[in-house]
Structures are given as C-alpha cells and as structure tokens.
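Protein sequence lines correspond, in order, to chains A and B.
The numbering of the first sequence is UniProt numbering, which starts it at 1 and goes up by one.
The numbering of the second sequence is UniProt numbering, which starts it at 1 and goes up by one.
Worth flagging that the hints you see were computed from the coordinates, not collected in a lab.
Be a bit skeptical, because a hint or two may be false.
One copy or two, either will do: identical chains are not told apart, so a pair holds if it fits within one copy or between any two.
[Unchecked claim] In silico EDC-like pairs for lysine to aspartate or glutamate, Cα to Cα no more than 20 Å straight-line: (1) K41 - D166; (2) K52 - E117; (3) K41 - D53; (4) K122 - E180; (5) K156 - D141; (6) K122 - E173; (7) K51 - E114; (8) K156 - E180; (9) K41 - E188; (10) K122 - E75.
Protein chains: 2
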Amino acid sequence: MPRWEPDARHRLVTAALHLFSEQGYDGTTVTEIAQRAGLTKSTFFRHFPDKKDVLSAGQETLSRLMADGVAGAPEGATPIVAVAAGLESAAGAMTPFNRELGPRLHAVIATSAELQERDQLKQVGIAAAVTEALRARGVPDPVAALAAEVGMLAFKEAYTAWTAPDNQQELTELTRASLERLHGALAELG
Amino acid sequence: MPRWEPDARHRLVTAALHLFSEQGYDGTTVTEIAQRAGLTKSTFFRHFPDKKDVLSAGQETLSRLMADGVAGAPEGATPIVAVAAGLESAAGAMTPFNRELGPRLHAVIATSAELQERDQLKQVGIAAAVTEALRARGVPDPVAALAAEVGMLAFKEAYTAWTAPDNQQELTELTRASLERLHGALAELG
C-alpha cells in the first residue's frame, strides 16, 4: 500500500532539478532523484514514466488549463480573445513554486539536448491542445493553429519576464501585455 | 576505405520505410535496414546517427533551403515575402523521390510515438532555422517567429496536397496558394 506522499511530485521535480544542476542530466539516476526527495524509486515511477519526463511534468496541467480557458470564452469571442481566456486561465494557476523553479528549469534544460527536445515537444503538445480547443469552437484550421502559436509565444515571453529577479508584475498582467504586443505584430504581418 | 555508394541515403530511407511498414518501427533493426538496402550497418551509421533519425533525414536540407531562400529575398521585402522566397527555394528542390515517399512516410510516422516525436522536432528545427534567417534580415523577434510559423503551415498544407494521388499541380504553385490563404487568415486574426 503506497504511503501518503504529500507533494511527492513537487519534491521529485525539485530534487531532479538540483541533481541535474550539480552533476548533469546524464549523470543522474532515477534512484538518486528519489533518494534526494526522500522517496522510493517506485514512487518516482508512479508519478513519471521516465527520467526525461520529470521536468516536463507540467505539460498536461498547462494544456488542460489553456484548453479549458479557451473553451470557456464567451460565445462569439474572436480567436484571439479565446486565446486570451486560455492564457488567463493558465497564468492564474501558476504558483510561487512555478515562479521559483522557472529560471533553474531553464538553465538545466539548456545543458541537455534530450531535455531540450522534451521541452520542445511539451510546447508542441500545449499548442496542439489549444489548437484543438479553438477548432472545437468552430475556428477554421489554419487560423486555429496560428492563434494557438500566438498564445504560446505570448505565454513564453510573459513567463520569462515573470521569473526575472526584479519583476514586480503579476503573470496575468504580463500575459495580457504580451498578447497585445503580439496581436500588433500580427497586424504588421497581415 | 568506404565503397562508393551512389544513392546510399535514398536506398536506406526507402528500405527503412518498407521495413517499418511491414514489421513495425520497433520490430526493425538497423542491421535489417542496411541489409534490405544492400549496404552494411557501418554505412548506415555513416549516414544517420540512429534508427530514429532515418525518416527525418531531410530536415537539414529543408532548413538550409528555406533559410537560404529567406536570406536571398530582395532587400526591403516584407517578412511574408521573404518567407515566400524560402518556400519557393524549398519547393523547387523537392524531387519525384520526395513526392513518392511522402504518403508512405506519413503513414509510417503515424504508427510510432517515437517517429511522431522525431517528426515534430524536425518541424520545430525547420521553423527555428527560418526564424533565425528572418532575424538576420532585421525582422523583430515575435514577428519572425510568427512569419516562420505561417511558412511552416503553408509548406505542410501544400506538401500534403502535392502528394495526394490525383494532384496535377506543381509544389511551388501549391505553396504560393497556401501561403496566400494563410496570409488572408492572418489578416482575419490581426
């Protein structure tokens, strides 16, 4: 019977981040991550299929938050307004844990080709979920994919600004500002 | 001393495609691919780092063709006109080999999660190369990324139409039409 493991996921992600920083991604085993987190290897595998998935853990949550936000936008909202609702939903759910881990996550990902691939695939997955949610609202195909891409770019830009050491703004504010800027860039392109 | 191996890459890609269709991606070894192609395993590894890379072989070529096209666009061209030049350059280089293999490639990729990931990463890589080429022309960051994404969507759409059994149009014609449609979709979004 599994022990009750409050925050096991958080602890595993934090432990993995520390170990990857200290001794590299390739040089770290799942057993070491579990030990550092004070958990067992089998607990690790209840939460993540593989070592390479531990840092892209938030993908499903983020995809669901964005897709739900898009789905919940008022009827008749333009694609960009629906995307804004998706970003609002995702940004509102980010915690101090996400904020604190962001820059370290970024630094560790930059050290490993495999982690960079995971990160790129994570972004492709989130964009696909947003595209799907827009299609479900009746947004035609290429417009849906482009609007989702605009949303992804806005979220990435805002997230980077949010995790900067001297930032004082809320993530929701920052995503709104980024989306507005990108919407302007679209007009420039169109 | 390596033998002279005319078309070794083509033969390896074709052999891999056949074997993946017949017996699955997971059930196929590099040795079998090399044998089917009438080549040695070491020849395989001179051309590809790994089994998973054999079907995304065109990435570097495609990235280079698109980036060169973008770089060669007339001075003062808008980002979309530069992207059009990139697509023109890539579309013009596609051969009957690419056309014939396209649908089979697509079908095989759909059977394996690992190949789907490779394919997604390939697309991310090409988009990054186009973004970089646009940046080098002085296109600001988010506009460059969006314009590259528009180009990717246009190329994918056109490539799919080109490889359809009843298609009579040239790929360059199809990419121009797709890009025009997507440019219209941009205006709708912006």
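Any hints from earlier that this structure breaks? Give me their numbers in increasing order, please. Numbers 1, 4, 6, 9 and 10, in rising order.
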